[in-house]
Amino acid sequence: MNIDNIKKQFPIFNNKVHNNDLVYLDSANSSQKPQVVVDRIYDFYTKEFSNVGRSVHYLAVAATNLYENTRSMMQKYINAKDPNEIVFTKGATEAINLVANTFGQKFLEEGDEILLTELEHHSNYVPWHYLRKLKGIKINFAEINNDGEITIESIEKSITPKTKMIAITHLSNVTGAILPIKEITSLAHSKNIPILIDGCQGAPHLKLDMQDIDCDFYAISCHKMYGPTGLGVLYAKKKWLEALPPYQGGGGMIREVKKEGISFGDLPNKYEAGTMATAQVIAFGESIKFLNQIGIENIEKHESELTKYGEEVLRKNNSVKLVGNPKNKGSVLSFTLDGIHAHDIATILDEDGVAIRAGHHCCQILHDKLGLTATARASLGVYNTKEDLDKLNESINNCKKIFDR
Amino acid sequence: MNLKELYQEIILDHGKNPRNLKKTENFNKDAKGHNPLCGDKVHVFLKIDENKNISDISFEGSGCAISMASASIMTDLMKEKKENEVKELVDDFLKMIKDSPEMKSKIISDDEKTKLMSLSGVKQYPMRVKCATLAWHTLTSAMNNSQEEINTEKFD
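So the protein lines, in turn, are chains A and B. Anchor point for the first sequence: position 334 equals 494 in our numbering, and the numbering is continuous, going up by one each time. Anchor point for the second sequence: position 89 equals 78 in our numbering, and the numbering is continuous, going up by one each time.
The following block holds chain B by itself, in its conformation from the complex:
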């Protein structure tokens, strides 16, 4: 494994200049996530319209290039997605990061899949998997209106 696979250009780009790094105005759902081992923090904000579409999504937080890139790419991807699509994509992404060789979902383009697959380099770095999944677990928590702060130590 070489580091250039982990730190692909797309990750460095999103890591250094995260998209959607702000607080959505008039958000109606949100959740906080925390990785107690390294101190990475993320706060996801959602604005869900009456048709259960994500009309806006953003995040605030600080962390390593992997966690920032993951949150950035995720928030880009989830805009305009329906609630059930969000769930499907989160599951698909978490499976890919854990053991599946690719993403199976048909609701995103090949281009978008490539972007997400750029995060698959963490599979070779078990200590860094939680950096990539923090924002995704936090998004699920926000969708479920869970008041509990996400803590990466509670997941596999």
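Only chain A is shown next, with the shape it has when bound in the complex:
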């Protein structure tokens, strides 16, 4: 795996930031886009554009085929049983809202409980929170251990006879902990509880096999997978998509509309109301090809080596404190610096061309638990190198120089 060749495929790295080479360490927030994805959007709009699934003219048929082709590619990429188990959404946030809303409507009653974890991103908490008021449900949080991990024991302890859904992250966007989702799914199913996995951080970095994991729902953010913004994927087992009511109503999702009543379309149309993010879906096909060309196993290996290297380098730096110490850790290095606030770190690093994120990373529950208001986070993608992490460390030392004047 030649990182130089991979990096060359990302045009953003031709630009300078404050006269420095860009060291992009914010891929957990959103990844950069390879040229093929950018080109695909341009080509579609300039040569092939039409709305999909409606008209019968040449362009409409071709566009529909391209759109459905990405669905099939995604099905294969995550080894779903059926292409109709892939629903396109405007993002992972909408994917989780879709499940919370429709599952809540149909299956939840006052006093029912949802089990989340303290690691959850706001997008896997706020949608469930709405059901507190609407349905009078209760939300429980499985607790992290001292290393910032969620163990199967922690989940098991938090399940009650009233737990009706478990919704957990695959990979924490703060501590980097990779959760044992297959074991947790099997535990959930042994108690007849469905499970949703927030795969925002899992999907770009880890090999996915829906039939092997056996989860009921898996939410994916395409812009974190070297794809366009405005697009997400909800994987859901067919039995759920058939049992749950539609989420949004509109064109494209109906079978018959009469003054007296409406019948809804078949899968996958039932959940794709209105004109979808067509160009993004088609361009996302190129992201899947890009990932397949490198091979997700190679990406996992590369990023795991880099994460270990980053941990080593930052541990040697006495003023850095890493946030969390999970045994099974994915591409995220969150840290604090003695006496320097995360926002000041991010501003100073930016001047060196090093792009990181500072703040609570949409995880206020976790930051409260850790007693921190903000952390700095470097996160990795396929284009990162050990040199990037050396540059990060150098730039951190620069923070100290500026603050220790």
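Among these hints, one or two may not hold up.
[Stated by the list, open to error] Taking lysine-lysine pairs in the BS3-like style, the calculated list, with each CA pair at most 27 Å apart, reads: (1) B:K(-7) with A:K560; (2) A:K561 with A:K176; (3) A:K351 with A:K468; (4) A:K324 with A:K397; (5) B:K30 with A:K481; (6) A:K351 with A:K324; (7) B:K68 with A:K551; (8) A:K561 with B:K68; (9) B:K93 with B:K11; (10) B:K5 with A:K529; (11) A:K561 with B:K5.
[What the hints assert, rightly or not] Listed next, with one range per pair, are the computed distances between beta-carbon atoms: (12) A:P321 with B:K76: 58 to 66 Å; (13) A:N306 with B:E72: 48 to 56 Å; (14) B:S98 with A:K298: 52 to 60 Å; (15) B:Q113 with A:K298: 42 to 50 Å; (16) A:K476 with B:K12: 35 to 43 Å; (17) A:K266 with B:S135: 37 to 45 Å; (18) B:E101 with A:D564: 25 to 33 Å; (19) A:K295 with B:E(-6): 29 to 37 Å; (20) A:N175 with B:Q113: 13 to 21 Å.
In case anyone wonders, no lab produced these hints; they're calculated from the structure. Backbone N, C-alpha and C fix where the C-beta goes; we use that ideal spot for every residue, glycine too.
Starting from the known structure of chain A, arrange chain B on it as the hints suggest.
This is chain B only, laid out in the frame that chain A set:
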């Protein structure tokens, strides 16, 4: 723009050792401010005497060097100021941070102006302007007895 202009010595000094970082005893006005984007929080406490003078002012909170320094310098400056002077100074400061090259108010000394101008480095860092203005908006809210928590996303 270089970082040394943003992180001037006076800012680092106030940022690392904020003055008036406590809760004023017997305060009679207060307000909370919050920057939801970064989690910075500030709580301003005022003791206003019968002549409408600020006899004591303090703050509690946590945040970056810029927001802590701004709250520290602000609370130092506002002690013994009259209500109408506070309003004038807040307006003048917010204008300076937004677009004015300097502070125009005549009620503070050149020395005090220099201190406040040390925060003008944020003009080059649009994402950081709210760090510098949070305490000031919160002070206004406390003066107005507003019960609403200040949220930086509601201001330009």
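A quick look at each hint next to the structure:
1. B:K(-7) with A:K560: Judged against 27 Å, a Cα distance of about 13 Å means the pair holds.
2. A:K561 with A:K176: 24 Å, holds
3. A:K351 with A:K468: 37 Å, violated
4. A:K324 with A:K397: 17 Å, holds
5. B:K30 with A:K481: 23 Å, holds
6. A:K351 with A:K324: 10 Å, holds
7. B:K68 with A:K551: Violated, at about 45 Å.
8. A:K561 with B:K68: Outside the cut-off at roughly 34 Å; violated.
9. B:K93 with B:K11: 30 Å, violated
10. B:K5 with A:K529: 25 Å, holds
11. A:K561 with B:K5: 14 Å, holds
12. A:P321 with B:K76: 58 to 66 Å: 59 Å, holds
13. A:N306 with B:E72: 48 to 56 Å: Since the Cβ atoms of N306 (chain A) and E72 (chain B) sit about 50 Å apart, the hinted range of 48 to 56 Å holds.
14. B:S98 with A:K298: 52 to 60 Å: Taking Cβ atoms as reference, S98 (chain B) and K298 (chain A) lie about 58 Å apart, which means the hint holds.
15. B:Q113 with A:K298: 42 to 50 Å: 48 Å, holds
16. A:K476 with B:K12: 35 to 43 Å: Cβ of K476 (chain A) to Cβ of K12 (chain B): about 40 Å, so the range 35 to 43 Å holds.
17. A:K266 with B:S135: 37 to 45 Å: For S135 (chain B) against K266 (chain A), whose Cβ atoms are near 43 Å apart, the range 37 to 45 Å holds.
18. B:E101 with A:D564: 25 to 33 Å: 27 Å, holds
19. A:K295 with B:E(-6): 29 to 37 Å: 54 Å, violated
20. A:N175 with B:Q113: 13 to 21 Å: 20 Å, holds
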